[in-house]
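Chemist: Given only the sequences and the hints, what does the whole structure look like? Please build it.
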Amino acid sequence: MSKTDDKTASSGKPKSMTRRLLLISAAVVGGGLAVGAGYIQNKASRNKAFVLTPGKGEAAFGAWFTIDPNGIVTAMSPHQEMGQGIMSLVASLIAEELDASPAQMRVIQAPVNTAYSNATMLLDGLPFRPDDHGLLAEGARWTMRRILEAVGINATGGSSSTRNVIDAVQHAAAGARQLLLQAAAAKLAVPQGELSIDNGVIRHTSGKSVGFGDVATAAAGMPLNPGTPKPRSQYRLLGKTGMPRIDVPSKTDGSAQFGIDVRLPGQLYAAIRHSPVFGGTVKSVNFKDKSAAIKGTVTGKNFVAAIATSYFAAKQAVDAAQVVWDEGANANLNSADIFARYAKALDAGEGFVYEKRGDVSRPANGKTVKAEYRAPFLAHATMEPLNCTVLHTGSKCDIWCGNQAPLLIKWLAGKAAGLESEAIEVHTLMMGGGFGRKFEMDVINEAIEIARSMPNVPVQTIWSREEDMQHDFYRPAALGRFEATLDDKGMPQRWVTHIAGPSIMAQATARMAGMAGGGMPDKTNVEGATFLPYALPALEVRHSLVDAGVPVGFWRSVGHSFTAFFVESFIDECAAAAGQDPLTYRLALLAANADDPTAQRFAAVLQTAAKMAGWGAPVAPLAGHKVGRGIAVAESFHSIVAHVAEVAVDAKGAVKVTKVFSALDCGFALDPVNSRAQIRSGVHFGLTAALFGEIEIEKGRVKQSNFLDYQMLTLGSAPVVEVEIINSGAELGGLGEPGVPPIAPAVANAIAAATGNFLHKMPFNTAELLASGVA
Amino acid sequence: MELSINGKVQPIQSDPATPLLWVLRDELNLVGTKFGCGVRACGACTVLVDGAAQRSCLLPVSAVEGKKITTIEGLSPDRSHALQKAWIKHQVPQCGYCQSGFLMAASALLAANPRPTTEQINKSLSNICRCGTYDAMRAAIQDVVEGTV
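In order, the protein sequence lines correspond to chains W and R. All residue numbers for the first sequence refer to numbering that gives the first Met the number 0, where the first residue is 0 and numbers rise by one. All residue numbers for the second sequence refer to numbering that gives the first Met the number 0, where the first residue is 0 and numbers rise by one.
Worth flagging that the hints you see were computed from the coordinates, not collected in a lab. C-beta atoms are modelled at their ideal positions from N, C-alpha and C, and glycine is treated no differently. The reader is advised that the hints may include incorrect statements.
Said to hold, decoys possible - To spell it out: a stretch of chain W is covered by chain R in this simulated footprint if at least three of its residues, at any positions, have a beta carbon under 8 Å from a beta carbon of chain R; those stretches are: (1) 300-313; (2) 381-387.
Unchecked claim - Computed Cβ-Cβ distance ranges for the label pairs, DEER-style: (3) W:P536 <-> R:A138: 41 to 51 Å; (4) W:D708 <-> R:A138: 27 to 37 Å; (5) W:D346 <-> R:A138: 47 to 57 Å; (6) R:T117 <-> W:S100: 32 to 42 Å; (7) W:A328 <-> R:K66: 46 to 56 Å; (8) R:P59 <-> W:A291: 12 to 22 Å; (9) R:P113 <-> W:S254: 22 to 32 Å; (10) R:A110 <-> W:D131: 56 to 66 Å; (11) W:A339 <-> R:T147: 53 to 63 Å.
Unchecked claim - Below, simulated DSBU-like cross-link-like pairs (lysine-lysine); rule was C-alpha separation at most 35 Å, straight line: (12) W:K239 <-> R:K88; (13) R:K84 <-> W:K229; (14) R:K122 <-> R:K84; (15) W:K355 <-> W:K366; (16) R:K84 <-> W:K658; (17) W:K239 <-> R:K84; (18) W:K294 <-> R:K67; (19) W:K55 <-> W:K207; (20) W:K658 <-> W:K239; (21) R:K122 <-> W:K760; (22) W:K655 <-> R:K84; (23) R:K122 <-> W:K625; (24) W:K658 <-> R:K122; (25) R:K67 <-> W:K289; (26) R:K122 <-> W:K610; (27) W:K702 <-> R:K122; (28) W:K289 <-> R:K66; (29) W:K300 <-> W:K702; (30) W:K655 <-> R:K88.
Modeler: This is the structure:
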């Protein structure tokens with residue numbers, strides 16, 4: 000086991016928590032939190048467990064949808080919408096089973112109920128390769144499922160939403176289809192076998208027809224049992240054009256409601272300022288702004304806030320406040336020291352071993368390749384700055400916000416609200432981006448504390464962009480050392496990985512579940528660096544836990560966001576040392592594991608992306624630039640993605656990514672249009688990080704503050720991304736995150752191809768390129 | 000003070016130094032215009048002032064008195080603007096938060112220059128989209144330019 004940090008050891012918690020508690024806490028914060036009720040209960044009991052309360056004239060079909068007299072089908076999405084398209088996907092699953100018309104489909108956020116919890120994301124948090132169906136892996140999954148069944152947490156993340164809901168939704172909708180047909184047969188007095196459904200109309204062979212609205216009430220009066228979903232070969236929507244996203248029109252006219260758009264009668268606005276130093280506290284505060292617009296002020300442990308009739312007035316008041324901070328233990332923390340601590344841990348060679356096989360001791364002969372890679376802290380920087388609206392009446396607390404875990408809020412907000420969980424109601428709105436930031440309770444607890452100071456008045460707390468960027472739970476900074484020894488054919492015979500950094504799980508269990516989980520292995524530390532399908536006969540993957548005090552959290556693709564850069568860059572360095580083409584080298588490493596289906600899938604996406612890009616042909620020249628092409632592949636969240644990037648580097652070292660070709664294997668793309676959009680989204684998100692992303696710590700503070708110094712990709716700098724889908728038929732994979740990991744190494748490898756310089760540090764710094772002699 | 004917003008003249012109570020963004024959002028409940036950065040860097044708050052795209056987060060309302068302001072709510076009454084149709088056709092928005100600003104910036108560009116070059120598009124649409132909807136956005140704008148929506 001890795002060492003726990005000092006704070007954990009002295010926290011006063013009992014040393015031996017029960018295994019059950021530990022597992023629950025691990026589950027609560029595990030690997031991406033796309034929690035829904037999925038596979039943990041059997042389908043029949045799940046559908047019977049909770050039935051929607053229908054509105055007037057509506058008929059309810061279990062937990063999943065209602066039908067109104069006009070035949071409008073309203074689906075319940077257990078998952079929260081942050082741009083990934085999950086709400087429309089849930090509706091399209093139902094539309095497919097019912098043979099409904101896309102025009103009659105609606106979707107709303109499901110009520111906050113354990114019926115909608117799911118285990119999929121949390122099960123992904125277990126440290127096993129996804130296709131490992133061995134005794135230990137399956138046993139652990141079974142145990143975890145049982146525990147999650149009792150917990151029933153509901154959240155969205157880990158690219159798991161579709162995988163989580165598809166089984167239950169399809170079975171329920173298939174069952175409901177039979178009830179609709181049965182009710183229609185009775186109404187038309189014809190045998191059910193002579194009926195079919197065409198675009199939402201139930202037709203008899205005679206030409207007579209009824210709509211869903213005509214028979215929904217009768218159908219819903221009969222017991223709903225799980226039906227048999229259609230085979231994929233009979234899909235009309237799924238896997239083809241899909242269904243247009245239901246939320247899109249509202250996002251073209253300003254009518255889509257995000258958390259920040261909540262407007263309640265008598266609502267006031269709060270602006271907030273946190274201790275600039277992590278862990279600092281308020282010593283004293285003098286609110287100097289006494290203007291009439293200011294309705295109240297709040298002094299929290301680590302923040303001050305002003306409440307006013309507009310956000311602008313509140314912001315001015317909070318900016319004008321004179322605050323003396325106790326900067327606490329982190330006042331001298333800086334990035335250089337943090338990386339020095341990582342390096343020291345790597346030098347010591349200790350830590351937790353996540354994967355090991357064969358003899359990894361350095362042999363006397365053979366060419367040894369070594370590299371050290373570094374990734375910085377990163378902020379989420381969702382376009383919608385953090386906000387939360389709270390109405391606290393003294394006996395009830397209503398919370399409005401975009402969030403990735405409504406049930407978690409209901410459970411965890413009680414302390415701040417001074418109320419039992421039952422008195423807390425969570426209203427989930429659309430998120431202007433989530434990326435993992437909107438699991439966290441900080442913004443919610445503080446908004447509650449602020450609103451409690453003004454009972455019966457709804458208060459919307461908004462963080463400025465600077466607060467949002469400087470008080471995040473960051474993608475952990477990490478340092479990784481890789482060493483491989485090549486045989487006489489250039490193939491790695493031993494492969495040693497050692498990564499140092501903080502544990503997201505350790506911090507998240509402490510802040511969310513109130514327990515110190517610092518001693519647990521944390522899959523996210525090394526995910527993407529373990530269970531590689533390449534033939535690596537002797538291998539060790541080790542991680543040293545070094546937590547310097549910077550808050551860390553789940554950031555789109557989590558550990559994969561840096562491990563893919565490390566691993567896939569190092570593969571190229573090994574290929575170069577072996578004098579081989581990077582694609583050929585990867586395919587050889589995969590061919591040596593040819594009996595592994597994952598290796599075959601890796602090879603297929605690599606070959607597809609390479610073919611799209613014309614791998615092997617010269618890259619189109621660009622005057623004044625060195626051009627190059629790079630390839631990388633990664634499996635994350637059960638999907639496999641390969642990218643080929645083309646870059647142009649000018650004489651000053653400026654990098655332009657000119658084109659990206661992507662191949663995706665998510666098993667089966669239910670909605671190909673949105674699947675491509677999600678992969679493009681991942682490319683742009685990962686490219687932003689690769690080219691620009693860096694949060695630096697100076698004197699315990701975050702140096703960057705806004706988009707001016709935390710740069711984003713724009714239309715002019717974003718490459719065209721072409722995406723091809725391979726429907727391999729493997730188990731379904733996620734889409735929100737898997738496009739992110741391989742783009743950084745694809746670009747790094749392309750820069751290496753163009754300039755001869757391998758990159759070892761994200762973001763890809765122009766000055767560093769210059770120093771290494773590009774110009 | 001009075002402001003002309005989406006063809007309607009209305010009285011304003013806010014302090015004249017208040018940025019237009021916060022008057023729109025907090026006084027007039029026109030929440031389609033978004034707060035993203037507060038430093039004119041992201042463009043989520045873009046509106047039209049006398050037809051020209053302006054970032055409203057640092058624009059005092061006193062500076063736009065007597066001018067015609069158009070927000071996303073006024074782009075068309077029924078999503079019938081060619082850009083809105085193209086945005087739906089190409090399924091541009093993901094999270095959607097930045098899209099009002101992009102649509103307003105694009106509408107100002109195309110009104111002034113129906114056949115902009117790629118360079119002109121990139122310069123006028125320097126807004127930030129964190130979801131990376133740029134590919135779909137390019138295709139949608141192309142459709143409007145070609146008149147093929």
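Chemist: Of the numbered hints stated earlier in the document, which are not met by this structure?
Modeler: Per hint list: zero violations.
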